[in-house]
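K.L.:
If you want the building blocks of each chain, they are given just below.
Protein chains: 2
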Amino acid sequence: MLFFNKVTIIGVGLIGGSLARVMKAQKLAGEIHGAGRSRETLEQAIRLGVIDHMGQSSAHAVEHADLVVLAAPVGTFEPIVREIAPHMKKGAILTDVGSVKGMLVRTLEGLLPSGVHFVPGHPIAGREKHGVDAATDTLFQGAKCILTPTDRTDSGALDAVKALWAAAGMNVVLMDPDRHDHIFAAVSHLPHAAAYAMVSTVAEFSSEADNYITFSGAGFRDFTRIAASSPEMWRDVCLLNGKNIVEMIEQYQFSLNRIKKAIKHKDGHRLEALFRAASDLRKGLG
Amino acid sequence: MLFFNKVTIIGVGLIGGSLARVMKAQKLAGEIHGAGRSRETLEQAIRLGVIDHMGQSSAHAVEHADLVVLAAPVGTFEPIVREIAPHMKKGAILTDVGSVKGMLVRTLEGLLPSGVHFVPGHPIAGREKHGVDAATDTLFQGAKCILTPTDRTDSGALDAVKALWAAAGMNVVLMDPDRHDHIFAAVSHLPHAAAYAMVSTVAEFSSEADNYITFSGAGFRDFTRIAASSPEMWRDVCLLNGKNIVEMIEQYQFSLNRIKKAIKHKDGHRLEALFRAASDLRKGLG
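Protein sequence lines correspond, in order, to chains Y and C. In terms of the numbering used here, the first sequence opens at residue 397 and continues consecutively. In terms of the numbering used here, the second sequence opens at residue 397 and continues consecutively.
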């Protein structure tokens, strides 16, 4: 049976808080401790009943924990793991919810003492809302969770983390950490960079007297919604997965060039063919 | 008082149908005729009570009409106006809902006999749904409608079209046709081209065995929603507003390059500053 006496969640926001709610709803944890940068957030999480206790520090909070979940911004994982590694008990499982794996996974593995089992993970859960007040035990229902075990991953720990996300209602997929980063550079990191670039582009043409953005419709708002995401988080993702993201930006610039050339040559057939191929693919997504 | 004995709508889809519903709800028209390529759509529009009659042809449908509304795809405006111009009565108003103005407005003006008053328009109405069955008299409520009169526009006709869109609940804005095309190249046409390019980019990395798109989340779906739009329509917009769209694609490529360079140089400060500026702007949009 899946049960952890003590669980510690580092970063009790939407994702960390929702996972805590799943564990409470399904009685998968004896007690849930929270840690993180903001004391206020942790106090709120206790008031909301998302966690039971808060640690003075992450190092303190992970002591005696059977499961530690890294749900803080991905750019903070390395310093957090450096801090908590010496305080984790033998046999404990460490997992994360970060949107970058690859090299980061290898770095974190190298920081852990033997006997602490790291299972890298990435639940693909909606992030329209933020914060622990939006946390719900239904957030993960029906979505994919990618786990990226390596040669060093303990199979018992992997099974436990698989069972945890399955209990949250997720379809668990196992994948190589580097392949994960290539795929997510394409389907997530590139779109975020592109949305930021789009807002900047429109801003270039705007002045206080003549604000182009005020004329935007639902399409522009949809297109650029993700540009409202956390600049710090996306800075870190770009730094941690830079090589893949640069490759995707270059491929994207190639696709834009193809459209630009067809427009310059007034090539209606070519434009329609390019747009139709993309449109047919997109329609399949819903 | 705003009243048209006979109104003819060419292209009875979401926009044309919704305008017809507004005129019916507010008793602004004696009878509403429809015309367009699809007999089936027109029959459906009659069954739904959106229009009263359908014409054998556009030329036939515009006879004796006091107001003719071009609500077909923008790429068909020129041939339609060539067809209907000789059949329009003296004193009639012609208006349109096309998303390109500029040169197209001057072309259409040149095709009309004197005494037929053209008032170019562009209601910025949501287009998530398509077709006359989605038409509703509340579609335009609270959104902007841009009218782009020229030196040749009759002021009485302009006032009538202004009053019509105001009755539909729109905020009417007057603007130079060329300025319209520059603004909408930025806030609408570029995002569509960029969304098509994004879907193509992700598709380049996909095969049947390894479909990257299946790993996309809500962000990618939001970002590329507009790539499901009509390829023919966007082909025509790109051909009719090519010069501005090429300028915007180039500016966009410049913004992407800026991000790419910061990633290559691992310049976290620069990345965060670029993302923060865009994020702050985007948050203002809701």
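Keep in mind that the hints are not guaranteed to be accurate.
Since copy identity is lost for identical chains, a pair holds within one copy or between any two.
As the list claims (entries may be wrong) - Below 25 Å or equal to it, Euclidean Cα-Cα: the simulated PhoX-like pairs (lysine-lysine) are:
#1 Lys639 with Lys558
#2 Lys679 with Lys660
#3 Lys486 with Lys662
#4 Lys420 with Lys558
#5 Lys540 with Lys525
No lab work stands behind these hints, which were simulated from the structure alone. Here the structure is a predicted model, which is why all the values come from computation and not from measurement.
K.L.:
None of the hints should be skipped; say for each whether it holds.
P.N.:
Hint check:
1. Lys639 with Lys558: For Lys639 and Lys558, neither the intra-copy (29 Å) nor the inter-copy (53 Å) Cα distance is at most 25 Å.
2. Lys679 with Lys660: Answer is neither; intra-copy 27 Å and inter-copy 34 Å both fail.
3. Lys486 with Lys662: Cα proximity of Lys486 and Lys662: none, with 67 Å in one copy and 36 Å across.
4. Lys420 with Lys558: Within one copy only: 17 Å inside a chain, 59 Å across chains, cut-off 25 Å.
5. Lys540 with Lys525: within (18 Å within a copy, 28 Å between copies)
The structure shown violates the earlier hints numbered 1, 2 and 3.
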